[in-house]
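A.B. asks: With the hints as extra help, turn the sequences into a complete structure.
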Amino acid sequence: MGVGILVEGLNAWYGSTHTLQDINLPIPANHATALIGPSGCGKSTFVRCLNRMHETNPIARATGVVKMGDIDIYKDASPVEIRRRVGMVFQRPNPFPTMSIYDNVISGLKLNGFRNRRILDETVERSLKQAALWEEVKDDLKKKSGASLSGGQQQRMCIARALAVDPEVLLMDEPASALDPVSTSKIEDLIFQLKSQYTIVIVTHNMQQAARVAENTGFFLNGKMVEFDSTHKIFTNPKDKRTEDYITGRFG
Amino acid sequence: MSTQPISNQRPPLDLQTRSMRLNTARRNATNYFISALSVLATVLVILPLIAILFYLIYKGASSLNFAFFTHIPAPVGESGGGMANSIVGSGIILLVASLMGIPIGIAAGVYLAEFGRGKPLATAVRFTADVLNGVPSIVMGISIYSLIVLQQKHFSALAGGVALAIMMVPTITRTTEEMLGTVPHAIREAALGLGVPKWRTAISVSLRTASPGIITGCMLAFARVAGETAPLLFTAFGNQFWSFKLNEPIAALPLQIYVYAISPYDEWHRLAWAGSLVLIVLIMVSVTLVRIFANRGVLKGGS
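Just so you know, the sequences run in chain order Z and F. Start counting the first sequence at 34; every next residue gets the next number (my numbering). Start counting the second sequence at 465; every next residue gets the next number (my numbering).
By construction, these hints were calculated from the structure, which means they are not laboratory data. Careful, some of the hints might be misleading.
Just so you have them, the derived chain F footprint on chain Z, three or more residues with Cβ under 8 Å [what the hints assert, rightly or not]:
1. 84-92
2. 118-127
3. 140-153
4. 194-201
If you're wondering where the values come from, they're calculated on a predicted model, not measured in any experiment. Note that the Cβ used here is the ideal one computed from N, Cα and C, for glycine as well.
C.D. replies: Okay, structure coming up:
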């Protein structure tokens, strides 16, 4: 089951650039939350702060409170523990090129020392079915490299890989921006099904996509969160003038 | 002013104008010239290699026989004999060198590429490796002589192995660092994002992805030290008899070739040629074998 996230007073820096300024945001459990905004507004930095990937960059740092359920991810847990509970799907599919499809999907378990064959087999099948890729690859699981799949298949394999470690939250940083329309619609269907079991945060440049998959939407601009509300309200009756300008295409 | 309809069609591209024809001719000529230069350069690089190999076969193949691979050198004045002990000795020294040099070299490369970015220690290690790479092999021999041989008060296979290992390290370290640098950052992020610790990511993801290049680097280092003579002169020393012990002087192909080549006997000269041929063939065979084994189990269809 998913878990809700409460962000309070989150600030983030790259070197001396203040990329996120005092973000406050409640992300409800088992819902999809979309983050929209022009390039460079801090959306990606924000999701990377939710699984502490932000700090893997030596010049980056973050302050503030991010509560996942009962725990403060910056105080009560190590980055490694957090990343096991918060899965991430990146903008471009990033399969492990030396691994088969099978090994790619269970890499999160295997690289953490998990060895039980029966459970690994079951996990691969479950995750690939969840990611709607099972039927396409079930005959080549161990024969083909993960990098030999098409872009859209690779991205679904990356989603399966993230799901295989059984996370509570799934972060998706523009998961469909490098994909064709057919693959994009498959990923969107997937998000729709997955949110019954996971809390999903999706960054997107595509406002129709936000409208299609997310119950709530946040609008970011220049490192600040301008507005957060139900997707319906953001797109039909935004409170802030800047949100309205953005969604009507006047800038960005 | 009368309004003229603006045509949005470009004028048709005429490939038959004089200047176009001249341009095409010039481009074709340049293309041909540069291609010819590349082919010439390639031939110039390969020619000495082929020439050396053929000259060795011409000079050495006639002295190769079964005894060469099964017998130890014959005493002065007797004919026949072989280099069996040198072949085995070289194998032992190179095994010792590889067992020490490859793990240390790769580990240092992993530190430079994955953990040491921008740290003063990494800069120092990188600089040291580059300097070490330029140290003449005779100097390496003398250093190990004073560090190990003088302390132990005898020459040994171990000392020879250590000398060669130190010569292997800088090449392996720098290749490992460079090959890890070509692994896309996105792949590391994928692993970190799954909750894999950084050390595990470095070993199981980055190193594994870069392994073909790193294996090539190890092979280059191996092939380079396999023919080294100078570092072995004061360390392994050479031996006219069988020896399998690490703490005793041991025979090695380059040393035996050296001894035979500077001798006044024609038969020994021929044996030196045969030894050189065997040395080169053995290096080629071992490098090829490693490649074949390293390529096993690599999945097809990956990029």
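A.B. asks: Hints first: check each against the structure and report whether it holds.
C.D. replies: Hints, verified against the model:
| no. | hint | result |
| --- | --- | --- |
| 1 | 84-92 | holds (count 4) |
| 2 | 118-127 | holds (count 6) |
| 3 | 140-153 | holds (count 4) |
| 4 | 194-201 | holds (count 3) |
Hint compliance for this structure: no hint is broken.
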